[in-house]
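Undergrad: Protein chains in written order, with my numbering: chain U, 2 to 215; chain X, 2 to 215.
A couple of the hints might just be wrong.
Each pair may be met inside one copy or between any two copies, as identical chains are not told apart.
Unchecked claim - Heads up, simulated BS3-like pairs for lysine-lysine below, C-alpha to C-alpha not over 30 Å straight-line:
hint: 1; residue 1: Lys141; residue 2: Lys30
hint: 2; residue 1: Lys141; residue 2: Lys45
hint: 3; residue 1: Lys208; residue 2: Lys141
hint: 4; residue 1: Lys35; residue 2: Lys128
hint: 5; residue 1: Lys23; residue 2: Lys115
Just so you know, the hints here were simulated from the structure itself, not pulled from any lab data. As the structure is a computational prediction, the values presented were derived from the model and not from experiment.
2 protein chains.
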Amino acid sequence: MDFYGYFRSSSSYRCRIAFNLKGIDYSFKPVHLKNGAQHEPAFKALNPQGLLPALVTDEGDVLIQSLAILEWLDETHPTPPLLSSDPLTRARERGFAQVIACEIHPLQNLRILKYLTGDLGVDEAAKDAWLTRWLRDGLKACEDLLAQRSTHTEFCYGDTPGLADICLVPQVFSAERFGIRYDDLPHVSAVYAACQKLSAFDNAAPKNQPDFEA
Amino acid sequence: MDFYGYFRSSSSYRCRIAFNLKGIDYSFKPVHLKNGAQHEPAFKALNPQGLLPALVTDEGDVLIQSLAILEWLDETHPTPPLLSSDPLTRARERGFAQVIACEIHPLQNLRILKYLTGDLGVDEAAKDAWLTRWLRDGLKACEDLLAQRSTHTEFCYGDTPGLADICLVPQVFSAERFGIRYDDLPHVSAVYAACQKLSAFDNAAPKNQPDFEA
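Next comes chain U alone, as it looks inside the complex (with noise of 0.2 Å):
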């Protein structure tokens, strides 16, 4: 399947990691989102909202954004599993991951940030005081869940790596790129290093795609 991507999107890194967690060979395309590229009329055909990742799968079918991409993978790919088999497990996995694709990644993401500066006039100061609100505040609310749990596993439910994790990684990292603190939560911290221990999301990481640029 071809699969495209960004090196530096977290939804890209989210889906790059459940390849790698799923042993899913895939042919990599990428997208040069800083260069505008998702805008092009190629793209666009694929996806028509201009917003990476897109995957077409061997069968020429488009996929578009990544939780979807991720329970389909799940759902064709099913070893080792993303989610739970309890319900009520999968809703919390699912509800983590959703607090970090639909409250704080949609705040953060280039075209925001482009329109803060661009369109309202935005100095940089006012742009990072954006970026530590809902940034801070969404992981301070990701250690308030992880802290709730009954049992602390290692990872966010569970000992394997699932959706939850797939998603805090590239959130973490984003939280670093932006120079957002979270080393005062010892929850998200400690999931964070012990996923960084796996091949599968150490792979996964920016710095280790193609397209990586400094």
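Given chain U, work out where chain X should sit, using these hints.
TA: Chain X alone, transformed into the frame defined by chain U:
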């Protein structure tokens, strides 16, 4: 089960439609979003992020994030289903739902609009431009996705309403409320009109909620 929501909250509206479609009884616990009741300790104990909705199951387990709640409802109350049994169609339904839940709704919710006009001191015209940009672009992406379907069914992805429709209707309702046009989006308009004819959708509308305020 206890459902914590607010009449005008899009994500609460999504859950209400699903409860109605599936014929699930629930006890409604209003949280007055505009008065800030979501920030009170009693509610933050349920959802540390202070966002609606939250669902407390009959076993006392707390679920957050509307899409996670919808998937849990579908797994525990499978009739009628909210997702197709075909993995590819499920991916399209989830992708469509996430275009709304991850890319449109997060940019128009109350905390963001408050931050724009409060912290960033943005005037009403610039706030309206922000809303127009993200809601119009987002609904246009929904239109393009619906136009790409191989079969133009009455609802987004079939002859019965599902996850995609459940997300689309509250988003179009918000667009109307903010004065964003969508009459030039024929597929979006047709699905919205088809849904409005169903009592499960109509009974879930903000104006029909016990906490409604004009």
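Undergrad: Taking the hints in turn, state whether each one holds.
TA: Quick rundown of the hints versus the structure:
1. Lys141 with Lys30: between (34 Å within a copy, 25 Å between copies)
2. Lys141 with Lys45: between (35 Å within a copy, 12 Å between copies)
3. Lys208 with Lys141: within (26 Å within a copy, 34 Å between copies)
4. Lys35 with Lys128: both (18 Å within a copy, 26 Å between copies)
5. Lys23 with Lys115: neither (35 Å within a copy, 42 Å between copies)
Hint 5 from the list above is the single one not met by this structure.
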